[in-house]
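J.: The chain contents come next:
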Amino acid sequence: MSYLVCVLLFGLMVGSVGVASNPSPYFAAMGLVMVSGVGCGVLICFGGSFLPLVFFLIYLGGMMVEFAFSAALSAEPYPYGWGNRSVKMYVAAYVLGVGCAWKVLLGKWSGFWGGILDESGELLVLRGDMMGVAAMHDVGGWILVLGGLGLLLTLFVVLELVRGVSRGGLRTV
Amino acid sequence: MNPYLLIVLLTSLGLGTALTLSSTHWLLAWLGLEVGTLAILPLMAQRHHPRATEAATKYFIVQATAAATLLFAAFNNAWLQGHSDIQHMSHPLFTSMITLALLLKLGLAPMHTWMPQVIQGVSLNTGLIVSTWQKIAPFILLLQIKQIHPPLLTIIGLASILIGGWGGLNQTQLRKILAYSSIAHLGWILLILQHSTALATYALLIYIFMTSATFITLKKCKATTINMLTTTWTKAPTITLVAPLMLLSLGGLPPLSGFAPKWFILQELTQLNFIPHASIAAMAALLSLSYYLRLSYSITLSLSPNNLPECLQWRVNYPISTPLSSALPAALALTLFLLPLTPSALTLII
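Chains A and B, in that order, give the protein sequences.
If you use the numbering used here, the first sequence corresponds to residues 477 to 649, in order.
If you use the numbering used here, the second sequence corresponds to residues -16 to 333, in order.
There's no promise every hint is true.
[What the hints assert, rightly or not] Have a look at the derived ranges for each label pair, beta carbon to beta carbon:
#1 B:Pro288 - A:Leu549: 23 to 31 Å
#2 A:Cys482 - B:Gln156: 51 to 59 Å
#3 B:Leu329 - A:Leu582: 52 to 60 Å
#4 A:Met539 - B:Thr7: 25 to 33 Å
#5 B:Thr7 - A:Ala551: 46 to 54 Å
#6 B:Pro133 - A:Tyr570: 36 to 44 Å
Note that these hints are calculated values from the structure, not bench results.
Cβ coordinates follow ideal geometry from the N, Cα and C atoms, glycine included.
Please model the entire structure based on the sequences and the hints provided.
T.: This is the structure in structure tokens:
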């Protein structure tokens, strides 16, 4: 089980580096798909049932949709992939960073602790993650309203900032 | 700008600061700061010329970096401490990290480099909002954090006063001068923050009045460089009379209100035996005073060459009215005449 977690975490790292190394959104979207899939797997290995699906939803339905919109609005004739020199420099820097972190932390984080979502180790109806979301809506209802207001404001701000018939990357937008 | 959108943005600006001021949990404080950052971006990029867009982009990146650092340190502290209370932070590393993030938001040295460029790129009214309203929320959060490493605040405070003084000396653009003036004043506020929060609040309040009066005056004169200030006597003779007093209040000269915060800060520092800090701060205030004097010279104390039709603008266009004109008398009165009322003004804050 811990070997599967290690493989999935390695895939998470590869996908994250692929997104963060700043290629064109066409290619970064693929990195996001990979991260969402393996991230969902990691959370399942730690015992979650609802939270992995939320993770999938946010990555694929949120972030990747944003990347798709960016790709549509900023059309490039020669998009940068991971073979491009500047993108490769970023990849090298991030891999170096992960390597340093691995060297520094190896031995300090040992063991497989499945206690985040799966404390009792048996099959339950009311899992930790679902009860957490229910509590967030119950006790923290007003903060969710504030968060929603903030997101609505973000929508207005973005629409106002990119408004303009001839100022965007594609003329008719 | 679409009036509905303008109302939404201005309301969200107020909402963001109100959220931060009324929060005890770091998540809600961060939410308020982010709402404030987002709401001002379209106001900054309103004119859509490249300098305004660049200023909005720089402002967003700086504030987002500071907010991300703040969130990171707050959650790390919550993990180690068990609760996310603003007023009971105990871990020294994350307290320092949060302090640095808030100081980046305020634009203090050595994290000040974004400030002159951002305030230069936006209009005078938006520069007013960025200089005054956006300082309130991070400042209130700074007030509530106990046990900040004292040398951090002292060194950054003194550096800000010095850099605010030296940086403004070579400027001819008025918005950049006011940005450096903002850096210097916030340096004074930071210097006294660890010793007396009431004095820091009073200093911020007087700074907000003085800066508001200055920005509104510049907007009325439609002046953005020092050369444009020289025709103020043709447009509004009353402003020509009052503007040097306003600028000297910014410089901290008695008997104007700007003297009170500096006076009490120096007194508090001396009583606590921080003589080098008080000396450096007092001498660095002279640097700022020199460029305020330069502005007063251009406005009132000298008469630049001019042709006859332009000398009589005040006969045709008087009074110049901008949307914020009605706030100018109040701001000017508070900038000039508050020193004798200082005891009662301080009782509102202590």
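J.: Run every hint past the structure and note whether it holds.
T.: A quick look at each hint next to the structure:
For the pair Pro288 of chain B and Leu549 of chain A, the supplied restraint of 23 to 31 Å is violated, since their beta-carbon distance comes to about 52 Å. Separation of Cys482 of chain A from Gln156 of chain B is about 57 Å and conforms to the stated range, judged on CB atoms against 51 to 59 Å. Checked against the hint of 52 to 60 Å, the C-beta distance between Leu329 of chain B and Leu582 of chain A comes to roughly 58 Å, which is consistent with it. Under the hint 25 to 33 Å, the C-beta atoms of Met539 of chain A and Thr7 of chain B, about 31 Å apart, fit the expected range.
In this structure, Thr7 of chain B and Ala551 of chain A meet the distance hint of 46 to 54 Å, their C-beta atoms being roughly 47 Å apart. Distance hint for Pro133 of chain B and Tyr570 of chain A: a CB-CB separation of about 37 Å, consistent with the stated range 36 to 44 Å.
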